[in-house]
Amino acid sequence: MNDKNMLEKIILPGLLPLVAGTTSVAQAIIFALSCIVLVVIVKILYRVLSNILPQEPGEILWIILLSLGLSFSFAIYIILPEILPFTGEHINIYLMFLGLTPVIYIGSESKNWGFRLAYILAFAALIVLTGTVREFIGQGKIMGLSIIDSAVIPIIKGPVGGFMIPGLLWLLIEMVFAGEEAGQ
Amino acid sequence: MNDILTVFLNSIFAENIVFISFLGILLLYKEARGLRTSFKKGLKFSAALLISILLGWVLAGWLPENDFLLLWVFWLTGIIGIFVLYSWNELRGSWLNLPRIIIALPLFTGSQWIIQHQNVEYFERIYPILGTVIGFYLAFVLTAGVREQIKISEIPGYLKEKPLLLIAISFFALALIGFNFL
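Protein chains in written order, with our numbering: chain A, 1 to 184; chain H, 185 to 366.
Please keep in mind that the hints were generated in silico from the structure rather than gathered at the bench. One or more of the hints may lead you astray.
Pairwise CB distance ranges, derived in the manner of DEER restraints [said to hold, decoys possible]: (1) Gly-218(H) to Ala-151(A): 36 to 44 Å; (2) Leu-253(H) to Gly-144(A): 34 to 42 Å; (3) Val-242(H) to Ala-151(A): 48 to 56 Å; (4) Asn-250(H) to Phe-177(A): 46 to 54 Å; (5) Leu-189(H) to Ile-52(A): 50 to 58 Å; (6) Glu-181(A) to Glu-305(H): 54 to 62 Å; (7) Leu-247(H) to Met-175(A): 47 to 55 Å.
When the alpha-carbon atoms are kept at most 27 Å apart in a straight line, the in silico DSS-like pairs for lysine-lysine are as follows [what the hints assert, rightly or not]: (8) Lys-9(A) to Lys-344(H); (9) Lys-157(A) to Lys-346(H); (10) Lys-224(H) to Lys-344(H); (11) Lys-9(A) to Lys-225(H); (12) Lys-335(H) to Lys-9(A); (13) Lys-346(H) to Lys-9(A); (14) Lys-214(H) to Lys-9(A); (15) Lys-344(H) to Lys-157(A); (16) Lys-157(A) to Lys-9(A).
Here are a few chain H residues that sit away from chain A, every Cβ distance over 10 Å (derived from the structure) [what the hints assert, rightly or not]: (17) Ile-188; (18) Val-191; (19) Lys-228; (20) Trp-246; (21) Phe-363.
All C-beta atoms, glycine included, are put in the ideal place defined by N, C-alpha and C.
Assemble the whole structure, with the sequences as input and the hints as a guide.
Laid out in structure tokens, this is it:
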């Protein structure tokens, strides 16, 4: 797998949190950390379920795993604002549906924890980067601290920015790769 | 304008399930390919979505107002909708070693949740349901059309397909925000 394919395999499975959970850095961090927690839970659950269920359980295992994943992401959505009240303003319903996103389940069957952790950390870094850019362009802030008062584009805070900023970042990375390939 | 008509039009445009509410974006990326095939394929996906939302709507009317219970009902009705698609030879096989059905799950479950939590009377909820399904169909066909145009356009190879499609979708979202006056 080359780097370009890897990038696509990081972005596409996590497209929903990437576009819907990156209005601000704080929101992106909440989504990124929730992803990491869910990945660890799902990986453990996969191990347990594959031992309990008969061999070659196929899609039954995945449906059970997905329903458990959804329940855990719902639990995070409900519990997080209770134990950390400041997170309340950054949470939206897409946190609840994190348990249905492919990025949580990729590599669950692999015994290689290192690859799985590297993968989800790369995704977490990408989501935080997107959140930083969106907050800066959309609100002129980073981590809630005002950096610029003018020249902000408020529309970036909404759905337009949700699609445009990850798209532009992806395009930029593709252009860098294309430039490197042309240089070689 | 009539309130019900406003709710219906809002669900198609200003609150479009894909371009504004983000649900089903991965499904469009993976399934909306050629414009010609997208008309029929989009109908299949929209019909299955309608079945699962209608089922969820009927069941939600009987059940007590409990979010966790509702989520599970919507999850189950979403799975039913996806198995309908499966029986129509859609979403078969795997993607990145995961069952392909996973790409449709956020849309099939999340759309029901969004409709259920709209401030609309129970029996009037049929209008946002229909609006959501029509909005999804439009998004499906539009995305397939844009994708085809990007493919045949004379731009460098690395610009084609995925990143540019995401940027094109952001312009659809921008256009739909214009319907906020509804």
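Worksheet entry | List of violated hint numbers, smallest to largest | Nothing - there is no hint that the structure violates, so all of them hold.
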